[in-house]
Amino acid sequence: MQSPEEQFLPPDPDEMRPFFRKKTKKLINKLTSVQKAVSELIHDGDYISIGGFGMVRIPSAVLFEIVRQKKKNLSFAGHTATFDCIILAAGKAFNKCDISYVIGLEAFGIPKQTRKYFETEVNCTEWSNAALAWRYKAAAMGLSFIPIRTMLGTDTGRCSTAKEIICPFTEKKYLAVPALYPDVAIIHVHEADIYGNSHIRGITVSDQDLARASKRVIITAERIIPAEFFRNNPENTTIPFYLVDALIEVPFGSYPGNMPYEYFLDADHIREWIEAEKDCEKYSAFINKNIFECNNFNDYLNINGGLERLRNLRDIEYLIENKKES
Amino acid sequence: MEDYNDMELMICVASRLLEDGSLISVGTGAPCAAAMLAQKLYSPNLLITFEAGSIAPILLTMPVSVGDSRTMFKAIQTTSMSEIMELLQRGMVDYCFLGGAQIDMYGNLNSTIIGSDYRYPKVRLPGSGGANDFGSLAWKTIVITPQSPRRFVQKVDFITTPGYLTGVGAREKAGLPPNTGPYKVITNLAVLGYDEETKRMLLESIHPGVTLDEIKANTGFELLMKEKILITEPPRKKELRTLREEVDPLKLIIGKEAI
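Here the protein sequences line up with chains A and B, keeping their order. Position 296 of the first sequence, counted from 1, bears residue number 296 in my numbering, the numbering being contiguous throughout. Position 231 of the second sequence, counted from 1, bears residue number 1231 in my numbering, the numbering being contiguous throughout.
Covered stretches of chain B, going by a simulated chain A footprint (3 or more residues, C-beta under 8 Å):
no.	stretch
1	1117-1126
2	1161-1167
Sample of chain A residues facing chain B (criterion: CB under 10 Å; computed from the structure):
no.	residue
3	Val102
4	Cys124
5	Trp134
6	Arg149
Derived lysine-lysine pairs resembling DSSO-like cross-links, with alpha carbons at most 27 Å apart:
no.	chain 1	residue 1	chain 2	residue 2
7	A	Lys324	B	Lys1251
8	A	Lys282	A	Lys92
9	B	Lys1155	A	Lys173
10	B	Lys1256	A	Lys112
11	A	Lys23	A	Lys36
12	B	Lys1184	B	Lys1251
13	B	Lys1155	B	Lys1140
14	B	Lys1173	A	Lys163
15	B	Lys1155	A	Lys163
16	A	Lys72	B	Lys1122
17	B	Lys1122	A	Lys116
18	A	Lys172	B	Lys1173
19	B	Lys1074	B	Lys1040
20	B	Lys1122	A	Lys112
21	B	Lys1256	A	Lys278
22	B	Lys1226	B	Lys1140
23	A	Lys278	B	Lys1122
24	A	Lys173	B	Lys1140
25	A	Lys96	B	Lys1122
26	B	Lys1251	A	Lys323
27	B	Lys1238	B	Lys1251
28	A	Lys172	B	Lys1140
29	A	Lys173	B	Lys1173
30	B	Lys1074	A	Lys323
31	A	Lys92	A	Lys278
32	A	Lys96	A	Lys163
33	A	Lys72	A	Lys36
34	B	Lys1155	A	Lys116
35	B	Lys1184	B	Lys1226
36	A	Lys36	A	Lys26
37	A	Lys92	B	Lys1122
38	B	Lys1122	A	Lys282
39	B	Lys1155	B	Lys1226
40	B	Lys1251	B	Lys1074
Don't read these hints as lab results, they were simulated from the structure. Predicted, not measured: the structure shown is a model, and the values here were computed from it. Glycine included, C-beta positions come from ideal geometry on N, C-alpha and C.
Can you make the complete structure from the sequences, with help from the hints?
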């Protein structure tokens, strides 16, 4: 089910300014639990955006909790949403999606049930990766749109809500894409202090603009570190505290996704998930076991090999082979 | 002559197209292997970037995602997706490699839906990702794809990514930057280019052992023919050795069937 040209959120910056004005600018402790962050900050019908890159640096603990708490009717930014998309689809948590890239797990292939869900139950609007990245950028700049030079002349552009405009200086044709101000951004980072100052190592994808553009920001971090880390090296602040509303320490929080410089993705578990999606009954048993019968993210890690498996994924990340006692 | 498979041939042919000092944005799979091979043999200064944000990595092993750790191994810069897309929009990206479920005679690509009604697709595909952006703004787009009548169609069900759209002048009319667009299509059967006059797909060379009839039978539209059609140069010895021993020793890409 797809209904093109539906604008899921208004891009009006003057609706956002009073909201951003009220965000707390105090250095206060933002630490909370996954359960609390999801129940208090994510409401049915909200528009949510996930940081990272599909199978890389994803906030898995929060995604699983959204499904466990049975959040419904969310709108979702499918900005290279692959494994994150598949977790949310398992709970049928969203029914609207701004798509640039969804469902497919790149080299791993396409999971069947998630695809069926998109074909039958989700209202979609099309974009490109740059278009969604720049929609966040427009919002981060406090604007209502930004002119871009992609999606012109294509069905991707036709099935988006972009509109053609003419440059007042050069008379060149552009597509104006509306600013995207999500209700909630959920981003997994390498480390954060208790105030929410966050450090991402490696590629940042769209996460800096996403954090600036969103009404509420939930951060999960591999580890909590002293605030001096940021005070002594302020260039390390990828996302500053005043954007962050809730912070949770979740070690191995991107599992089964990759966390660059920490652990590689669990290819076996991802393949197992795709395999389970081939059959309705197998799929529902798999979802029950991995989501609903787990009380929290730790349970999920433990049933999938726990510390031993995670240690192994760290070896794969570090390209260490033949690690045997001499 | 050494034995080789279709995938190895496609990767070797693609690697010869990338001149030294150019900037390429690659995805996972065959494109990544072609760029790695080019860098090792022909173009040591090939600047490799990934759309998720990695710039100039030293690719040791094959990535499985365009954003995974492997894409940033010993990279010179790790940045944002918008930074990559902005250097693309500024005109700095020479080459990109794309694929798709369907391609037509103007090089338009579909990776969004199969079926004629967007609202009720027969099959939902992942969508554009960065493909539309690269197809819109890279100077030269190279497609690596298996060739079959199901893929090479008269009309794509959905133009996800622009080729030459409806022909001469159509890209410019749509507002896309001049002198950009489809450059080559490398398949398991042939190397195809585009006719200057009509912007239609053109047969340039046939792979060794393939017949013209085979190519026609696997193309759902009329291919233009070059006056003199060449035979594709098969993989060179050093190409195969480097590809098998250094680029893809685990046979993650070259172990796969082309179709």
